[in-house]
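Peer 1: If you want the building blocks of each chain, they are given just below.
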Amino acid sequence: MFLQQLINGITLGSTYALIALGYTLIFGVLNIVNMAHGEIFMFGAFIGLILATKFNMSIFSALLGAMVAGAVLGYLMERLALRPLRRRKVSELAPLISTIGVSIFLESLALRLFGPQAQSFPSIYAAQLFEVGGLKISAVQIIILAISFGLMVALRFWLAKTRLGKSIRATAENIETANLLGVDTQKVIVLTVMLASALGGGAGVLVGLAFNAIEPTMGITMGFKGLAVLILGGLGNITGAMVGGLLLGIAEIFSVAYGVSSYRDAVAFGFIILLLFLRPQGIFGSKEQQGGR
Amino acid sequence: MVTRSIKKKGIVSLFLMVLTVMVLGCSSEKSGNKGAASDGSTAKIGVVSYLTGAGAAYGESIRQGLELASDEVNAKGKVKLELIFEDSKGEKNEAINAVNKLIHKDNVLSLIGPTLSGEMFAVGPIVNQEGVPIMGTSLTVEGITEIGDYVFRNSLPDSAAIPQSVKKAKEKFNLKKVAIMYSDNNDLAVSGFKIFEKTLKEIGVEVIAVETFADKNTDFSAQLTKIATLNPDAIMVAGLYQEAALILKKAREIGITVPVVGNNGFNSPQLIKSAGNAADGAIVASPWFPGKDDAKVKSFIAAYKAKYKKEPDQFAAQAYDALQIMAIAIEKTGSVTDRQKLRDTLATVKDYSGVTGKFAFDEKRNPSMDVTVLVVKDGQFTELK
Chain A
1 MFLQQLINGI
11 TLGSTYALIA
21 LGYTLIFGVL
31 NIVNMAHGEI
41 FMFGAFIGLI
51 LATKFNMSIF
61 SALLGAMVAG
71 AVLGYLMERL
81 ALRPLRRRKV
91 SELAPLISTI
101 GVSIFLESLA
111 LRLFGPQAQS
121 FPSIYAAQLF
131 EVGGLKISAV
141 QIIILAISFG
151 LMVALRFWLA
161 KTRLGKSIRA
171 TAENIETANL
181 LGVDTQKVIV
191 LTVMLASALG
201 GGAGVLVGLA
211 FNAIEPTMGI
221 TMGFKGLAVL
231 ILGGLGNITG
241 AMVGGLLLGI
251 AEIFSVAYGV
261 SSYRDAVAFG
271 FIILLLFLRP
281 QGIFGSKEQQ
291 GGR
Chain B
1 MVTRSIKKKG
11 IVSLFLMVLT
21 VMVLGCSSEK
31 SGNKGAASDG
41 STAKIGVVSY
51 LTGAGAAYGE
61 SIRQGLELAS
71 DEVNAKGKVK
81 LELIFEDSKG
91 EKNEAINAVN
101 KLIHKDNVLS
111 LIGPTLSGEM
121 FAVGPIVNQE
131 GVPIMGTSLT
141 VEGITEIGDY
151 VFRNSLPDSA
161 AIPQSVKKAK
171 EKFNLKKVAI
181 MYSDNNDLAV
191 SGFKIFEKTL
201 KEIGVEVIAV
211 ETFADKNTDF
221 SAQLTKIATL
231 NPDAIMVAGL
241 YQEAALILKK
251 AREIGITVPV
261 VGNNGFNSPQ
271 LIKSAGNAAD
281 GAIVASPWFP
291 GKDDAKVKSF
301 IAAYKAKYKK
311 EPDQFAAQAY
321 DALQIMAIAI
331 EKTGSVTDRQ
341 KLRDTLATVK
351 DYSGVTGKFA
361 FDEKRNPSMD
371 VTVLVVKDGQ
381 FTELK
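Residue numbers (the UniProt record's numbering), protein chains in the order written: chain A, 1 to 293; chain B, 1 to 385.
Treat the hints with care, since some could be wrong.
In silico PhoX-like links for lysine-lysine, alpha-carbon gap of 25 Å or less [what the hints assert, rightly or not]:
#, chain 1, residue 1, chain 2, residue 2
1, A, Lys54, B, Lys76
2, A, Lys54, B, Lys101
3, A, Lys136, B, Lys101
4, B, Lys350, B, Lys76
5, B, Lys89, B, Lys105
6, B, Lys310, A, Lys54
7, B, Lys101, B, Lys44
Please keep in mind that the hints were generated in silico from the structure rather than gathered at the bench.
Make the full structure from the sequences, and use the hints.
Peer 2: Structure (structure tokens):
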């Protein structure tokens, strides 16, 4: 039972990590908490569902389609809700509020377009179960875990070694200086937001597959969990998002398994508060980053 | 300076525009009101329903059941009904706003709804104080009609339905030990849990685990993994269909094959639609059974299917009956404005026979009616015999 619950915790945690990766990318570069990320995630789930059921696409092309849709939404958000504010040098809170606006808009739009009912993927995708020594794990869970770890490694490598990654990091360090040094920061910012949103859209499909309930308000709870992980792991830190997500998932599952299920969220978030007392900058956060711009 | 004055002018003109819109809006609404009021023969009935959000399937069915009943009543021509719908989104404060609007602005004769028991506990006292008769069509929690003399319901309380399904399940599957799961942030589910617990104690079935979840949760792996290791003979679940469907799916996925006895939340075709094969073995007691050999039931199903292209569920059937009962009472009073008289007449309704069977209000304005215990078999609700 302990091992099975650990697997449950890791799979739940890997979905949190997948969402937190998107938050952390945007925060790292723009220093903005993107409150619309949960809704882009929800839109991705719906787009994937429509591609898979209405257009009979395979689940991988549906995943790809959802990522493209996420990237498009991210581009639109950057152009319409973030860039105009950046030009005017407004208060740091303005982009936060503006992304909240985007999230409410997207949620209402989804209610109109897709209806309020919870929908699910046909069960053929989720039904495959592997049994290893009495432990049950579904194919989707393995895919989610593999994708989130894969993404973590790929993102880390890409940011550290490639030219574009370097310009993203330069922009994250200081936009003005990066500009002076010849980095096209506008392009870097658009790319980052699109990349994060594509990740969000893809996460939507995977989480939709794993839990099988896709509805317009699903972004809210998942969004909050992602935010908690962002803080827990350390703002803007990719490894932190990964580890933080897994920790939150395991904490939640174990508080049900070995405690009282009513206190599930209380235990999980109490644990985050405790960790933040010990390490205010998050598990992997560095102190210098806190000062920011 | 120049820019500032322009800005100021802009703000002033914007303000004026908003004002004009508001004034225009008000005046047009007023004239609309008058139009309806001057036509003295139409009874205005306000409906508060859960039309958008996670439980929208319930509200949608209720709306369709009411519309169908209203069409039939209006076609008969003895009384004219006008339904005014307001969406509560399943939230208490939205429901309060909705009844205030319906009572004070639309000046309705009576109210139908809201969809959830928690919402009724919020709006009931307000409506009762205003002296407006209100009838719940989907409220199953204890203590609803105790709110006041103006509060009615035609839905069977869980305290009458759940014990029947539990007893039947025990008889049929020889239950010795069971686990219970319920949503602890939902009034309906908490009350359902208490009734499950009480009934099980009475008939001598041991409860080996109680696990909770919350509305809108999607991951139930921890609770079900825990329950699976205890090997219960059945699982009792109190919650709404969305979570219930996910619980059924997960339970079957991790190899729990025992029957799952549900509360009123299981009473929706949506449960079967979302859970698919996993819904087989779900048990629920319902006054509504579409397979019943009854002319009224058959013609209702045919009319509903013709209008909405889908099968009616319990919520549609109960809403349909509720409006029919309301129409009978209005016809008897002969008035479309007298709320007091309508309340007194409603309380005496005794010999109505509707699609959910023979119906009468007891002295506490609760329904007395028969139930059928249903089990899902091959994706269909069938009678558990």
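Peer 1: For every hint, state whether the structure bears it out.
Peer 2: Hint by hint, here is what the structure shows:
no., hint, in the structure
1, Lys54/A / Lys76/B, "violated (43 Å)"
2, Lys54/A / Lys101/B, "violated (41 Å)"
3, Lys136/A / Lys101/B, "violated (53 Å)"
4, Lys350/B / Lys76/B, "holds (22 Å)"
5, Lys89/B / Lys105/B, "holds (20 Å)"
6, Lys310/B / Lys54/A, "holds (20 Å)"
7, Lys101/B / Lys44/B, "holds (13 Å)"
Checked against the numbered hints above, the structure breaks hints 1, 2 and 3 and satisfies the rest.
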